[in-house]
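Enquirer: Each chain, written out:
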Amino acid sequence: MRVLRIYTWALIAAMYVPIGVVVVLSFNNSKLPYVWGGFTLRWYQALFGWDLAWQAVLNSTVIALGVALLSTLLGLFMAYTLRGDRYIAFSQGAVVMPEVSEALAFAAALSLLKDYANVNLFGPVGVFLAHLAYTLPMAHVLMAPYVSYVGRNVVEAARILGASELRTVLSVIAPILFPAFIATFLIVFANSFDTYIKTAFTTSPDFITAPILLWNYAARGRGDPTIYALASLMLIPSIAAAVIYFRAVKRYS
Amino acid sequence: MIKKVALVAFAAVVLLFYVPFLALGYYMSGGGVLKLPSMSMLATTFMLALVTAAIAIALAYPAAYYLAKRGNELEFALLIAPLWVGTLLKAYSLLVVFSVVERITGIVLWGTALGVVVGMVYEYFPYAVLTLYAAIEKLSETPTQAARVLGASRAQAFLRVELPLTMPGVVAAFILIFLFAVGEVIMPAVLGAWKVYTVGSYIWDLYFKARDFLSGSVLSMLLAALSLLATYVVVKTIRSFSI
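Protein sequences, first through last, are from chains A and B.
Residues in the first sequence are numbered from 1 upward in steps of one, following UniProt numbering.
Residues in the second sequence are numbered from 1 upward in steps of one, following UniProt numbering.
Read the hints as simulated data drawn from the structure, not as lab findings.
We put the CB at the ideal spot given by N, CA and C, even for glycine.
Possibly wrong hints are sitting among the right ones.
Dumping the calculated DSSO-like pairs for lysine-lysine here, alpha-carbon to alpha-carbon at most 30 Å [claimed, not checked]: (1) B/LYS35 - A/LYS114; (2) B/LYS138 - B/LYS4; (3) A/LYS114 - B/LYS236; (4) A/LYS250 - B/LYS195; (5) B/LYS138 - B/LYS35; (6) A/LYS250 - B/LYS138; (7) B/LYS69 - B/LYS209; (8) B/LYS195 - B/LYS209; (9) B/LYS236 - A/LYS250; (10) B/LYS236 - B/LYS35; (11) B/LYS69 - B/LYS138; (12) A/LYS31 - B/LYS138.
Calculated Cβ distances over 10 Å to all of chain A for the following chain B residues [to be verified]: (13) ILE104; (14) TRP110; (15) ALA189.
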């Protein structure tokens, strides 16, 4: 067991090294990744002075906020009301679908709309809908185990004492599920903020998000300290999601 | 009222997620010249996916075993947390690490199949840990103790009792990772520098470069069907084994 413990910690270390390297290099006062030129904040200054990056991060944040709020709320309602296996199977199937096929399907649907109904949704609306399409099932699947944690008797007690259905949800179920709600919200937010493939298939050239900006450098294999700074900032939602998720899970165990 | 909202939301899932596949069907029914991926591309994709799944599981099994038996919450959280870091961010981090490695040791990883495998193992490792952990944690101590009482050594008890009992979990993890890896786009593109060409990259190029909806649709539909089938199998295996 001792060996296994050391092994596990070695793996943990290996998982965080690449991310750590990028964060460290974003403070490196040298353009070369293998030369340490001292501590600097100038890449962050360059990033904050870069209008395109602001626009990209802002776009990503707005889309992710909207998508996360809507899909977590609707996911909660779905998990609460539609408890049958049939319903959850639809969502589970959606969660494991390969990204590229679902993105192509969405792009095909959008281009059909464009060709036959003359509605061009490529751009912010398309990106929003494409993100919603896969965050809704994700929120549903994530919320389902926590909703089953709320006992039927609590709900029935509230209903017998005269609370309306909406009131029961708001004053009884919502407080119990609040940690799970926040955790799901953050996971969905981080996922929507980070996703590249679905955005690429549904966006228009003038609507840019943070992952698209990152991709423009990554796909050409280009290292750039300003992009390291961008990547480091993009880690924040993921870290927040991870920390809050594990805290929330603890409350239900 | 809640029920109505939930039904509307569920309708939205079907409408936004599953209905677009009909659009793929529409493009398929339109006919045209089907450009199928070459055998070498298929071979590359399947080999990459197989190797990735095998390595990820081999690396994850001991860790999942430890987590299920003695691990604490922190260790579990630290191993699973990278799930929430985006694929592109991981790929970009590895790209930087590869350039440092190349400079120091002279080993070229960028643009090679090995680099892509490293990237995909890095990405899918937490999935392997989660699935295997679920399988190992459910294992009761009784069969192992019986084997030990009957004179099996620790290694024998593990190899002949515990490992076979957790095989459904291994199979589930394998199918899951294999499936994700077959449709992978980002890692081959970023770490393989488009030199390691997979079916995922091919679908990507069919849309972005060739604007060929027909061939892309056929491949995507196949991938989606494969995914649903595999999920069904995984769910069945896990269920049958938990009883």
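Enquirer: What hints, given by number in increasing order, does this structure fail?
Expert: 2, 3, 4, 5, 7, 10, 12, 13, 14, 15
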